[in-house]
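Visitor: Heads up: the sequence lines are chains A, B, C and D, in that order. Just remember that the working numbering sits 108 ahead of the position in the first sequence, which is counted from 1. Just remember that the working numbering sits 108 ahead of the position in the second sequence, which is counted from 1. Just remember that the working numbering sits 108 ahead of the position in the third sequence, which is counted from 1. Just remember that the working numbering sits 108 ahead of the position in the fourth sequence, which is counted from 1.
Please note: incorrect hints may appear among the correct ones.
Claimed, not checked - The calculated lysine-lysine pairs, modelled on PhoX-like cross-linking and capped at a C-alpha distance of 20 Å, are: (1) D:K365 - C:K365; (2) A:K365 - B:K199; (3) A:K307 - B:K365; (4) C:K307 - D:K365.
Said to hold, decoys possible - Chain B residues, not near chain C, derived (Cβ > 12 Å throughout): (5) Q118; (6) Q141; (7) A156; (8) R168; (9) T174; (10) A286; (11) H323; (12) D400.
Unchecked claim - Stretches of chain D that chain C covers, calculated by requiring three or more beta carbons in the stretch to come under 8 Å of a beta carbon on chain C: (13) 169-179; (14) 228-238; (15) 276-285; (16) 336-345.
In short, the hints are calculated from the structure, not lab data. C-beta: ideal position from N, C-alpha, C; glycine also.
As a plain string of letters, each chain reads:
4 protein chains.
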Amino acid sequence: MTLKPGLSTQMVSVAVLGARGYLGRELIRLLLQHPQVESVGVGSQSSAGEPLGKHLPAFRHVPGLTLVPFDHASIRDADAVFMALGHGEAKSLVPTLDEAGTRCIIDLSRDFRTEALAANGWTYGLADLDPVAKGTRRIANPGCYPTASLLATAPALRGRLLADGPIIVDGKSGVSGAGATVRADLHFAETNESVRAYKVLGHDHGPEIRGAAAHLEGRNGNARGIRFTPHLVPQNRGLLATVYAPIQDGVTPEMTKKAYQDAYQDSAFVAVVDEPDTSHVRHSNRAEIAVDVDVENGLMVARGAIDNLVKGGSGQAVQNFNDSFGYPATTGLTAVGGGP
Amino acid sequence: MTLKPGLSTQMVSVAVLGARGYLGRELIRLLLQHPQVESVGVGSQSSAGEPLGKHLPAFRHVPGLTLVPFDHASIRDADAVFMALGHGEAKSLVPTLDEAGTRCIIDLSRDFRTEALAANGWTYGLADLDPVAKGTRRIANPGCYPTASLLATAPALRGRLLADGPIIVDGKSGVSGAGATVRADLHFAETNESVRAYKVLGHDHGPEIRGAAAHLEGRNGNARGIRFTPHLVPQNRGLLATVYAPIQDGVTPEMTKKAYQDAYQDSAFVAVVDEPDTSHVRHSNRAEIAVDVDVENGLMVARGAIDNLVKGGSGQAVQNFNDSFGYPATTGLTAVGGGP
Amino acid sequence: MTLKPGLSTQMVSVAVLGARGYLGRELIRLLLQHPQVESVGVGSQSSAGEPLGKHLPAFRHVPGLTLVPFDHASIRDADAVFMALGHGEAKSLVPTLDEAGTRCIIDLSRDFRTEALAANGWTYGLADLDPVAKGTRRIANPGCYPTASLLATAPALRGRLLADGPIIVDGKSGVSGAGATVRADLHFAETNESVRAYKVLGHDHGPEIRGAAAHLEGRNGNARGIRFTPHLVPQNRGLLATVYAPIQDGVTPEMTKKAYQDAYQDSAFVAVVDEPDTSHVRHSNRAEIAVDVDVENGLMVARGAIDNLVKGGSGQAVQNFNDSFGYPATTGLTAVGGGP
Amino acid sequence: MTLKPGLSTQMVSVAVLGARGYLGRELIRLLLQHPQVESVGVGSQSSAGEPLGKHLPAFRHVPGLTLVPFDHASIRDADAVFMALGHGEAKSLVPTLDEAGTRCIIDLSRDFRTEALAANGWTYGLADLDPVAKGTRRIANPGCYPTASLLATAPALRGRLLADGPIIVDGKSGVSGAGATVRADLHFAETNESVRAYKVLGHDHGPEIRGAAAHLEGRNGNARGIRFTPHLVPQNRGLLATVYAPIQDGVTPEMTKKAYQDAYQDSAFVAVVDEPDTSHVRHSNRAEIAVDVDVENGLMVARGAIDNLVKGGSGQAVQNFNDSFGYPATTGLTAVGGGP
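The shape of chain A in the complex, shown without the other chains:
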């Protein structure tokens, strides 16, 4: 747990569970720079007692980052707890945090997204479209593919620009999206110079996009189909979602572009551009969105580019934290990203 000088009464203590994963370490990076955070507890059940820097050399010089078990005071007493854990782990931990009276829990796994989309005790934190209300206590952070896909589709959904029919989402993600777990197919020499789809018929982000899109379009109970195909591309970070959807008769390219411009003109983090590129948003909480209309085929083609670890995970989680605690959305998220 690292303490910052200049404690003030508005400052809060936070904890990150699952500190060693790619989302966990990115959360810690962001929270250490957050001006309203006075301490960051770092939880890892498997490595409790060890310095985080033993596992992640980039953190070696930061004082106070000793990994603690999940029942440690720095977690139990934290104002906000971020959970970046494997499937099912968050669910089993929440009762303990409830008992501890944790003011705000933000879960980055898929454990509570279904509940959140059903408005069942949790709030789905798609921060640039529906910022959570101040005081929200249980937030399910969206997946990386849903974030890019929904930002790229929302103005069309909300504006009722689409004709009937399924939406096709073709996603391309950098390898950090697959997590830090060791796998034969993620060996550098097997992944470099390789592009491939995966889980074509069964990735759980498909239903997540479907549920969230239904909300955005006001089709609750009658969700539009989502065809979602994720692909792995040989880069560390960066996710591009290319979205195809049938457009209403009479909706022109100009109307569509205007709907997108209007939707995001006051957005803190989302920009409508001509040519989104994952390299433009790397290491930032920003998203680049483009929309085109293929008039000949009656299709809208939208694109959304994000950093899968920031806007697609930890950055959006901090944005949700800001919204819940009443800080400006950009607090701690002002770093300008981009290449090289």
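Based on the hints, put chains B, C and D in the right spot on chain A.
Guide: Relative to the frame of chain A, chains B, C and D by itself:
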């Protein structure tokens, strides 16, 4: 011009125009290993008189590879001429080759593809679907994206498995597909760790896929729409096309998979697999195809993985050359590719 | 020029000349986050009048970043001017800045390093070894290779651990170190999957290392020879210098390691580790140093890993700025870097 | 075991043990194209009975490649057996092959290199410097780093151009050199954008270079010290060795360059060039060597670039096989490599 020992009467002389580009150099690599090729002339208008190895160090040790102007005897007298030139250059050269009586011209640019798809003096050389007849004299070699896309879609088109509506092709290509020309956006530090779409509304491979697909489906004069979106991914070689198309009512996943298996069971170069990966076919003339049916959304999802420079260009050109000269299709194309 | 809320009298205005290059844009990123900087002027002679975001999309959302000519008030009146220009350009600009009374000039080119090493009006800003004094007005920022090499060698030089003979520096740099200028050999497909040395006999960082090392060892006028060989490796950022030097008889591995530990134990940015890795320090102002002794061959083997754009350029420049203005060295440089 | 048409009495059967590793699969690729090889047995103790293509999709279409246990007839009866196994495995297998009367064994591990350098029953197969005699029965294939390093140093060693003192070899290798075994530090996202040294004080290629260099220089019993430092760079293939050695007084750059030119002027695979680059030799059995003299520091700087899997392993093994069986050295090794 390099001469091989053991000339036989069946052997032929060939020439490559545009020897310094990525397709040109790959053609030379293949033709130097081809057992029926006795000499390879290498043409470059801008660098005539210089050894190819001055520009491409990998060829320094190969004797006889001096770049010649396009009117040189080693080109004029070649049995087969491969043209790997910029847009419009092939068109201006053909009359000269016609006059020289060149037995077979294979053009790798887009200059003659429209004519070829209209059966107007040229033959469209989609070698794994419609091998050119022995003696074919003018062959337009397909583009890289069309090759992968059409191999991935042909069994459905030919088998009349698709319902009405446009076909969506989401292509992902390695950077060699953009050619060797120097461009600011292809600087290593701008392209590495970057994924982006390009020419979303105007890539000429869209109409090419449209025309060829119409032939395959027997829809001449009534072509089905093609939505084609190319993307650049940070690898040297390798192209994956992901194809989405509405499937007929009553067509099951099993029927679809069987149609694909049947279509390619005797194919020399195309395999139907579960998980295509560009790394499996790198440096080979092979294609990996997969097909799935998203029953819920009534969509076929097909994938085609190729090496964009080989199957998507020079390898298919050699295959067309083999077919035209009556050699077995695999002659000179038996190298096993794949990573690392 | 972007203005920050909460101006205080201690805050300063800065300007970056050469805003579009890789060092320039990294400087702007850092300065926009710097708590003591109230405004950042961005100068580009060739693109004056245009928004920086037109050229660098990552900056599109930042208000106030319009490129200005070098004689613009936001540069002329800046408290500190950072020059990240091509060879010779800084030299021609300094008289104008002198006339404008610029309080502090920090030059990131090689224009003034020779003067600085000769203590001739400029100070060589190797910030982790010799922090410039408060009030220093003219600072020549070290090159990327010299920074890594000298950090890796300094404890041995200062501790007089080395026997006579040249020091060999074998450097490996990511491609951003070559700058953003378009070059055929930096095309992605020519640089990816390529490792090569360059300028083996003539890189200007060799004499720079030589001069600075002589100071560190107290050998002024009798500099030890430096054999410096730079290599390009296929990554965006990250520089590793591997240093070989003859060690004094009787100097043990333990003594050597202790000298390194002692030298950097209080360092804000330099850590002595077992296995330096450029991925540990990416996007940070930190350096990882290791030292080993090859007893059998009487050689010290030292390594230094840095981010070539941050510690090797813009980060060190900000550190020099901090030192000159009397801010704590880590001000604005606390971001935790590292992969992925 | 795959059979080729057109068996002739001069053709031979071969087997590869350790078919699934990176060297094993590259050997199979080369041997399938070798005009004197009639069948290739593929051995894998752990996966016996399975098709090789199950593990390596690139080989799926090749008939006859079923993995067999090491006591299978296709191995026992092979004329030549290539062993590409883990440390110690080759040693335990040789007695069985001896008993089976295997005509030629080529081991790619380090198991017999020490014996070979001591001329103890095995021959060290540094094929471009000391081709094995026809009929050689037991060949220890050199390591990848020693191959590049020794090719880069041999003309200086043989020509007695070097002064006393250790030779420093700074090696940079692509990730395939680390083998196909799954390791956390070789996860794509940990290795991409990372450069690091490893085994600075204990890599077994150091003693191997030392022993072989002593032979080349005629210093048997009095080997010159070798300081060898291997580095991992983020590419699949390609190894560059940069060699630093003290040069004799009076040896000029011209003399040195001439010695190198003379040494390799008739070489089938080694070229002396100005700027070696791993991308020039990728997927080929060639080496690029450069030599420079740093007159000021009295040092020779030599460079050797190879494909670590081909010239650094399987290609050199095939070259040794050719020499042992009396085929021209280039048989089956004529493919032109290079990028992209």
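Visitor: Hint compliance check: list the failing hint numbers for this structure, sorted ascending.
Guide: 1, 2, 10, 13, 14
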